[in-house]
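Position in the sequence shown (first residue = 1) + 954 = the numbering used here.
By construction, these hints were calculated from the structure, which means they are not laboratory data.
Be a bit skeptical, because a hint or two may be false.
Unchecked claim - The calculated label-pair distances, taken between Cβ atoms and stated as ranges, are:
1) LYS963 x VAL986: 29 to 39 Å
2) GLU961 x VAL991: 43 to 53 Å
3) VAL967 x GLN1005: 29 to 39 Å
4) LYS968 x ARG989: 31 to 41 Å
For each residue, glycine too, the CB sits at the ideal point set by N, CA and C.
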Amino acid sequence: KRLQKTEEKLELVKRWTPVVLQQYRETCVRLVRFREVIDVDCPRAIARIEQMLTALENYQTVVSPRGTSTSGDSDSQNSVARQTDAHDDEPPPEEGTDP
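Use the sequences and the hints to build the structure in full.
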């Protein structure tokens, strides 16, 4: 009886070993990709975000044509609207001519 139980266990081990090995390989591949994301993609994304933040900070300190800072006050927002409105008063360019 013990021999029969041992043989059954041996068959189960033989049957499941390839399945477990395949799962192990797939997990290793996923872990390699995950490590690549952490080691390469995350620093790249952080650097890109830092560039965007720097650009936004630089944009915030830009001086408008009226000499005021564009730091988010309502006057600076209105100046953009006024500039757009000023262009509406100009006649449209004639066709066939360069502006």
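The hints, checked one at a time:
1. LYS963 x VAL986: 29 to 39 Å: holds, 33 Å
2. GLU961 x VAL991: 43 to 53 Å: Cβ of GLU961 to Cβ of VAL991: about 46 Å, so the range 43 to 53 Å holds.
3. VAL967 x GLN1005: 29 to 39 Å: Once the Cβ atoms are compared, 55 Å apart, the range 29 to 39 Å for GLN1005 and VAL967 is violated.
4. LYS968 x ARG989: 31 to 41 Å: holds, 33 Å
Of the numbered hints stated above, the single one contradicted by the structure is hint 3.
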